[in-house]
Amino acid sequence: MTEQEILQGLYDRTLVGDAPAVLDLTDQGLAAGLAPETMLFEALIPALEEVGARFERGDFFVPEMLIAGRAMAGAMEVLRPLLAQTGAASLGRFLMGTVKGDVHDIGKNLVNIMLEGAGFEVIDLGVQVAPERFVAAIREHRPDIVGFSAFLTTTMPMFKANINALEKAGLRDQVIVMVGGAPVTQEYADAVGADGYAADASTAVRRAKELLAGRRAVAGTPS
Amino acid sequence: MHTVLRSRTREVVIGPDRPFCVIGERINPTGRAKFAEALRAGDLSQVIVDVRRQVEAGAHVLDVNAGVPLADEAGLLTSMIKLIQGHTDLPLCIDSSVVEALAAGLAVYQGKALVNSVTGEDDRLAEILPLVKRYGAAVVALANDETGIPETAGQRLEITGKIVRVATEEYGIPMEDIVIDPLAMTVGADTDAVNVTLETIRAIRDAYGLNMCLGASNVSFGLPDRHALGAAFLAMAAAAGLTSAIMNALAPECVTAARAADLLLGNDPWGANWISAYRARQG
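Chains as they are written, first to last, in my numbering: chain A, 1 to 223; chain B, 1 to 283.
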C-alpha cells in the first residue's frame, strides 16, 4: 500500500468506525514510515470532523459517532506516545465531567471524542463529579479548560456550585469554564458565570479553540 | 399487585393483570425551548394543549414536570397541577428531583398522585419517602444509588430490595405504592442496554411482584425511526413484566404497541379494547 492509500484507508475506516482496521492501518502506516502527525492530522482528525458534520446534519446517528470515536481512540493509544516524543504539542488540556447527581454521559463522551480529534488532551472524570473532585483534579492536572456537563434541568444548578467551589479554592481565574448539555442555553451559561457554552459537540470544539486563543492572546499581551 | 392512582373523580389501576399504563411524558420543558420560555413567562396555554392531545391519544396518567431553568419550580409546578386538574380527570405523575417542588405539588394535588421519583440513595430516600407517606401517594423508585447506574440486573435487584425495605419498614409505605424504575438506557450507546433492562424487569417481577415504570423514550435516543424502536421495546418490556411507562403518548405506534401487548398477554379479554379502538378509528 502506498502512503496515500494508507491515509485514505485510515480516513475511510475511521469514518465507519472499523476499529480493528484503523488499528491495523495505523501499524502499517508506522511500518511504512508515515509520521504519526501525518496520520493524525491528514486522516484521523479529518475523519472525525466529517463524522461530526454528518451528525450535525442528521445524517449520522449516535452509535455511528461513538464507534468512529472508539476507532480513533484505538489509533491514538498507539500514536499518543509517539506524538509526545516528537513534541507535537497538544492544543490544550481539557478536564471534563458530568456534574454531581447526573449520570448522563453520551453527550459528554461525544464532545470528548471531538475534542481529542481536534488535538486537545482530554481528561475525563466521568459522571456524578462533585465540586470538590473538580477542584482536586484542576489542582492535579492544571487544565486550560474545564467542562461541566448536565443533562437535567435539576442538575444544571451544579454549574454554579462548581464555579463557586473554584472561586473558593482560588482557581477560577486559572481555568476557562465551559458548560453544556441538552437543557443548557447561552443565557443559562451567562447566568451562572461560565466562560463558554456550545449547543453541540463540534461547536464545543470551535468554542474551546476560540476561548483558548482569546486567553492566550490576553496572556501574551505585554502590560 | 395493584398500584392505585386517583384524581378527584377517576381511578387508574396499574397491575400485571391490567392494561399497560401509558403515562404521557409530554408536559416537560426539557428539550422544548419555546415551551420552557412560555412557562417562565407565566404562559401556561401550551400545557392545556398538551393535556388535551395526550388524553385524546389514550394516555392513562399524565406526567407533569416544571423544570424550567432559573424559574421557581415549586410555584410553577403547583400552578400547572391546578390548571391540569381543571382540564382532565386523569391522575398525575408529579415529576421533579427538587424536594420542595414535590412537596408543593403534592400539597395542591387532588387525589392520589404518583411521585416521580426517588432513588436508592440514602439522602433521597430520607427526603422524599416522608412526603410520599404524608400524602398517601405512590412513588417511582429508580434502581440506582450513590454509585451511579448499576450495569447488571443483579445490582439493580439489590437496590430494589433496599428501597422496598426502607420504604415499608422505616416509613410504613405499602408495597403496592412502590413502583420500581428498572432503568432503560440508550441502546445506541450500549448494545446490551435493553437486555439488562429486560433481565432486571423479570428479576424484580419474580422476586417482588412489584409494579414497574420506566422512561421508554430513553431507549431510542440518537437513533432514526425512534417510534418503531419504542413500540418494539414496549412490547418486549410488557412481556417481561413491565406494567407502565412514561412514554410518548403522541406516537401512535407506541400506544398501539402497548394496547397490542395487552391483548397478546391476556389483559384484553377477547380483544374487546383492541377491536373497539379499531372501530373508533373507522369512525
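Calculated directly from the structure, the hints in this document are not laboratory data. Beta carbons: idealized from backbone N, C-alpha and C, even for Gly. Just to be clear, a hint being listed does not mean it is correct.
As the list claims (entries may be wrong) - Taking CB as the label site, the calculated pair distances span:
id, chain 1, residue 1, chain 2, residue 2, range
1, B, 148, A, 173, 44 to 54 Å
2, A, 141, B, 146, 21 to 31 Å
3, A, 133, B, 46, 30 to 40 Å
4, A, 67, B, 152, 21 to 31 Å
5, B, 158, A, 67, 41 to 51 Å
6, B, 43, A, 67, 49 to 59 Å
7, A, 182, B, 174, 32 to 42 Å
8, B, 52, A, 191, 50 to 60 Å
9, A, 215, B, 49, 45 to 55 Å
10, A, 215, B, 207, 52 to 62 Å
Claimed, not checked - Not everything, but these chain A residues come out facing chain B in the computed CB check (under 7 Å):
id, residue
11, 62
12, 106
13, 182
Hints the structure violates: just list their numbers, smallest first. Numbers 1, 5, 6 and 8 - these are the hints that the structure violates, sorted from lowest upward.
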